[in-house]
Amino acid sequence: METKNSMNSFDVIVVGAGHAGIEASLAAARMGLSAAVITINLDNIGQMSCNPAIGGLAKGHLVREIDALGGEMGKAIDKTGIQFRTLNTKKGPAVRSSRAQADMFKYKTYMKSALESEQNLTIIQSMVDSLIVKNGKVLGVVLWTGEELSADAVILTTGTFLRGLVHIGLFNYKAGRAGDFASNNLSLSLLENGLELGRLKTGTTPRLDGRTINFSDLEEQKGEDDFIPFSIADKNITNEISCYITYTNKNTHDAILKDLDKSPLYCGVIQGIGPRYCPSIEDKVVRFKDKERHQIFLERESLDSIEYYPNGLSTSLPLETQLKFLRSIKGLENVKIMRPGYAIEYDYVLPTQLNHSLETKKIEGLFLAGQINGTSGYEEAAAQGIVAGINAALKIKGEEPLILRRDEAYIGVLIDDLITLGTSEPYRMFTSRAEYRLLLREDNADFRLCEFGKKAGLLDDERYDIYKERLEGFNKLISFLKTYEKGRYYDLLKRTDIYLENIAPELQEELNKFSKDIMNRVELFVKYEGYISRQKEEIDRLKKFDDFKLESDMNFNSIPGLSIEVVEKLNKIRPKTISEASRISGITPVAVGILLMRCRK
Numbered sequence: 154m155e156t157k158n159s160m161n162s163f164d165v166i167v168v169g170a171g172h173a174g175i176e177a178s179l180a181a182a183r184m185g186l187s188a189a190v191i192t193i194n195l196d197n198i199g200q201m202s203c204n205p206a207i208g209g210l211a212k213g214h215l216v217r218e219i220d221a222l223g224g225e226m227g228k229a230i231d232k233t234g235i236q237f238r239t240l241n242t243k244k245g246p247a248v249r250s251s252r253a254q255a256d257m258f259k260y261k262t263y264m265k266s267a268l269e270s271e272q273n274l275t276i277i278q279s280m281v282d283s284l285i286v287k288n289g290k291v292l293g294v295v296l297w298t299g300e301e302l303s304a305d306a307v308i309l310t311t312g313t314f315l316r317g318l319v320h321i322g323l324f325n326y327k328a329g330r331a332g333d334f335a336s337n338n339l340s341l342s343l344l345e346n347g348l349e350l351g352r353l354k355t356g357t358t359p360r361l362d363g364r365t366i367n368f369s370d371l372e373e374q375k376g377e378d379d380f381i382p383f384s385i386a387d388k389n390i391t392n393e394i395s396c397y398i399t400y401t402n403k404n405t406h407d408a409i410l411k412d413l414d415k416s417p418l419y420c421g422v423i424q425g426i427g428p429r430y431c432p433s434i435e436d437k438v439v440r441f442k443d444k445e446r447h448q449i450f451l452e453r454e455s456l457d458s459i460e461y462y463p464n465g466l467s468t469s470l471p472l473e474t475q476l477k478f479l480r481s482i483k484g485l486e487n488v489k490i491m492r493p494g495y496a497i498e499y500d501y502v503l504p505t506q507l508n509h510s511l512e513t514k515k516i517e518g519l520f521l522a523g524q525i526n527g528t529s530g531y532e533e534a535a536a537q538g539i540v541a542g543i544n545a546a547l548k549i550k551g552e553e554p555l556i557l558r559r560d561e562a563y564i565g566v567l568i569d570d571l572i573t574l575g576t577s578e579p580y581r582m583f584t585s586r587a588e589y590r591l592l593l594r595e596d597n598a599d600f601r602l603c604e605f606g607k608k609a610g611l612l613d614d615e616r617y618d619i620y621k622e623r624l625e626g627f628n629k630l631i632s633f634l635k636t637y638e639k640g641r642y643y644d645l646l647k648r649t650d651i652y653l654e655n656i657a658p659e660l661q662e663e664l665n666k667f668s669k670d671i672m673n674r675v676e677l678f679v680k681y682e683g684y685i686s687r688q689k690e691e692i693d694r695l696k697k698f699d700d701f702k703l704e705s706d707m708n709f710n711s712i713p714g715l716s717i718e719v720v721e722k723l724n725k726i727r728p729k730t731i732s733e734a735s736r737i738s739g740i741t742p743v744a745v746g747i748l749l750m751r752c753r754k
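Going by the numbering used here, the sequence shown opens with residue 154, and the numbers climb by one from there.
Don't take every hint at face value.
Unchecked claim - Think about it this way: if two alpha-carbon atoms lie no more than 27 Å apart in a straight line, the pair counts; the simulated DSSO-like pairs of lysine-lysine are: (1) Lys228 x Lys608; (2) Lys437 x Lys483; (3) Lys696 x Lys388; (4) Lys666 x Lys621; (5) Lys483 x Lys411; (6) Lys259 x Lys442; (7) Lys290 x Lys729; (8) Lys635 x Lys669; (9) Lys265 x Lys327; (10) Lys697 x Lys621; (11) Lys483 x Lys442; (12) Lys489 x Lys415; (13) Lys489 x Lys550; (14) Lys607 x Lys489; (15) Lys515 x Lys489; (16) Lys754 x Lys725; (17) Lys696 x Lys608; (18) Lys415 x Lys483; (19) Lys669 x Lys228; (20) Lys514 x Lys697; (21) Lys287 x Lys725.
Said to hold, decoys possible - Computed beta-carbon distance windows for the label pairs: (22) Thr636 x Pro713: 57 to 67 Å; (23) Asp670 x Gly299: 53 to 63 Å; (24) Pro713 x Glu588: 38 to 48 Å; (25) Met750 x Phe324: 54 to 64 Å; (26) Lys515 x Lys629: 32 to 42 Å; (27) Asn665 x Leu472: 58 to 68 Å; (28) Lys244 x Asp618: 26 to 36 Å; (29) Asn708 x Asn288: 16 to 26 Å; (30) Leu195 x Met750: 54 to 64 Å; (31) Cys420 x Asp596: 45 to 55 Å; (32) Leu413 x Cys752: 52 to 62 Å; (33) Asp613 x Lys403: 47 to 57 Å.
I should point out that these hints are in silico values taken from the structure, not numbers from a laboratory. Note that beta-carbon positions come from the ideal geometry of N, C-alpha and C, so glycine has one too.
From just these sequences and the hints, can you work out the full model?
Here's what the structure looks like:
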């Protein structure tokens, strides 16, 4: 397949160079296509607009999955992280998650360099005003300067920039984030082309002058030296700093409640719906009145900066109020604010208008990824970005799209939730959203997904060879334990109090041939083998519904027995299989049975 190489003609155009845009553009370029990425400000490629961290509960799973597919986020945070920790270590292996505090300046420098190093990728500083669409197919974009760029596929990764509106108290202004222009015309183009938009809200914290924080009064939290890197290709990480913990108190809450009449969130100024699972501090104080305090993590944003991010204090209250409640918190009695916290409203596209490939149903060749689909978080954005980039490339090559199932990846859960359930608030990934989370552990992301990345042509040889070596070591150790003394030690390892390091002295010489990582994986597999087998049996039972395909032009109105509500939802989402239809909110078991009978006929 020949790629385009004109200055104004590309195979794929990616709009936006945040976390979704980076993965999308790199994926398309690395798969051999000519790609262009367009961003308003080249200096803000990979900008961490909110917290200076990658990973976290369930989000760490996404980062490792992105890496297994051949993405960049895991490599970037391994190289630029300044503190690494594993969360939920006292709980089961399915919900343990990795998190790294980033040097946000070095992180975006790394990502800009990664884009600049890609031969097939052209980087353009500009703003996209509209799409070029003809006969239901996207043909390119129009820049705000009037210049037209053509492409076979366009991927929109616009983040919070679509008609973005920043709020600080009752003052507001148009911006994609503090310091960047908003994209005000692209939303109109989407509406003109038949896409339905909604309005969401998110926010960020004030940034604090570290020289004015009394750290000696605070609880120190250090990183873990034995942390396993996010990327398959990396061997070591370095913990360079600690973060510090403090708490709000009654005085903090009183200061916030006193000035609620100045909050755009509580005065009706903000119309967009905010994130339920990451609320502002004023929302926490109002909703959880019986809670005496809320935990705050003070995280340094860069080794080359004194700015600190008070994780847990997102707010859109006036600057005067922000300073007042901050100075009521232990360790922050004399703190100075370097940048105010703010809320931002923005447009998003209702994600039920997408296919699982992240291509829109109404406009062929148009893909969406990231916050434009109603999600929140760098990791969710990057996960969608790599899938959109891969599928745009596969479409142009005339190959079948990459569709990850719910039992194969958290990425599959994320996309399936968006497509079948939609969202009316910023979606955030949690381990509880995955019904097969024992199969979708962090430690086996490479075993689950590296073959997908290799088949797509994205996973590089270095990462693929490491994966194959690990898989071989895992299988060898499993085989040894199953055959040595008729599997006596294999069965013994199923006990919760027995581990490979102390299972038997006579085995240690053989076990020393395997890495700690392989031994940990084998231990988890053996101890949870029974549960894993039951989950796989359940998956096999449900897979039969994937075999029942629904015709693309099926007339749901003509099917007897379906309620008006069910018909409306089926017509809106247009599920491709019985399995997909069964997960749509409001589709009853009776409706699924009727569809199943129709398919069997």
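A quick look at each hint next to the structure:
For a cut-off of 27 Å, the pair hint linking Lys228 to Lys608 stands: about 21 Å separates their Cα positions. The straight-line distance between the Cα atoms of Lys437 and Lys483 is roughly 19 Å, inside the 27 Å bound, and the hint therefore holds. The hinted pair formed by Lys696 and Lys388 fails the criterion: a straight-line CA distance of about 38 Å is larger than 27 Å. A distance of roughly 17 Å separates the Cα atoms of Lys666 and Lys621; the hinted pair therefore holds under the 27 Å criterion.
With a C-alpha separation of about 20 Å, the suggested pairing of Lys483 with Lys411 holds against the 27 Å cut-off. In summary, the hint linking Lys259 to Lys442 is not supported, as the alpha carbons are separated by about 40 Å, beyond the 27 Å threshold. Taking the CA atoms of Lys290 and Lys729, the gap is near 21 Å; set against the 27 Å cutoff, the hint holds. The hinted pair formed by Lys635 and Lys669 meets the criterion: a straight-line CA distance of about 19 Å does not exceed 27 Å.
With a C-alpha separation of about 26 Å, the suggested pairing of Lys265 with Lys327 holds against the 27 Å cut-off. A hinted pair counts as satisfied when its Cα atoms are at most 27 Å apart, and Lys697 with Lys621 does not qualify at roughly 31 Å. At most 27 Å may separate the alpha-carbon atoms for a hinted pair to count; Lys483 and Lys442 meet this at roughly 20 Å. Proximity of Lys489 to Lys415 is assessed by CA-CA distance (about 21 Å); at most 27 Å being required, the pair is judged to hold.
Of the supplied pair hints, the one linking Lys489 and Lys550 is violated, its CA atoms being roughly 55 Å apart against a limit of 27 Å. A threshold of 27 Å between alpha carbons decides the hint, and for Lys607 with Lys489 the separation of about 50 Å lies outside it, so the pair is violated. For the hint linking Lys515 to Lys489, the alpha-carbon distance of about 50 Å lies beyond 27 Å, and the restraint is violated. Straight-line distance between C-alpha atoms of Lys754 and Lys725 comes to about 24 Å, which keeps the hinted pair within the 27 Å bound.
Using a Cα cut-off of 27 Å, the hinted pair Lys696 and Lys608 holds, with the two alpha carbons roughly 22 Å apart. Restraint check for Lys415 and Lys483: the C-alpha separation of about 25 Å stays at or below 27 Å, so the hint holds. With a C-alpha separation of about 21 Å, the suggested pairing of Lys669 with Lys228 holds against the 27 Å cut-off. Using a Cα cut-off of 27 Å, the hinted pair Lys514 and Lys697 holds, with the two alpha carbons roughly 25 Å apart.
Simply put, Lys287 and Lys725 have alpha-carbon atoms about 23 Å apart, close enough for the 27 Å limit, and the pair holds. The given range of 57 to 67 Å is respected by Thr636 and Pro713, whose C-beta atoms sit roughly 59 Å from each other. Between Asp670 and Gly299 the Cβ separation comes to about 54 Å, which falls inside the hinted range of 53 to 63 Å. Look at Pro713 against Glu588: about 32 Å separates their beta carbons, and that is not inside 38 to 48 Å.
At about 59 Å, the CB distance of Met750 to Phe324 agrees with the hint of 54 to 64 Å. Checked against the hint of 32 to 42 Å, the pair Lys515 and Lys629 fails, with Cβ atoms roughly 51 Å apart. Range check, Asn665 to Leu472: about 60 Å between beta-carbon atoms, so the 58 to 68 Å window is met. A C-beta distance of roughly 33 Å is found between Lys244 and Asp618, which places it inside the suggested range of 26 to 36 Å.
Between Asn708 and Asn288 the CB atoms are about 24 Å apart, so this pair conforms to the stated range of 16 to 26 Å. Between Leu195 and Met750 the CB atoms are about 57 Å apart, so this pair conforms to the stated range of 54 to 64 Å. In this structure the hint that Cys420 and Asp596 lie 45 to 55 Å apart at CB holds, the actual value being about 47 Å. Distance hint check for Leu413 and Cys752: the Cβ-Cβ separation is about 54 Å, which falls inside the suggested range of 52 to 62 Å.
The hinted range of 47 to 57 Å is satisfied by Asp613 and Lys403, whose Cβ atoms lie roughly 54 Å apart.
Violated hints, in rising order: 3, 6, 10, 13, 14, 15, 24, 26; the structure is consistent with all others.
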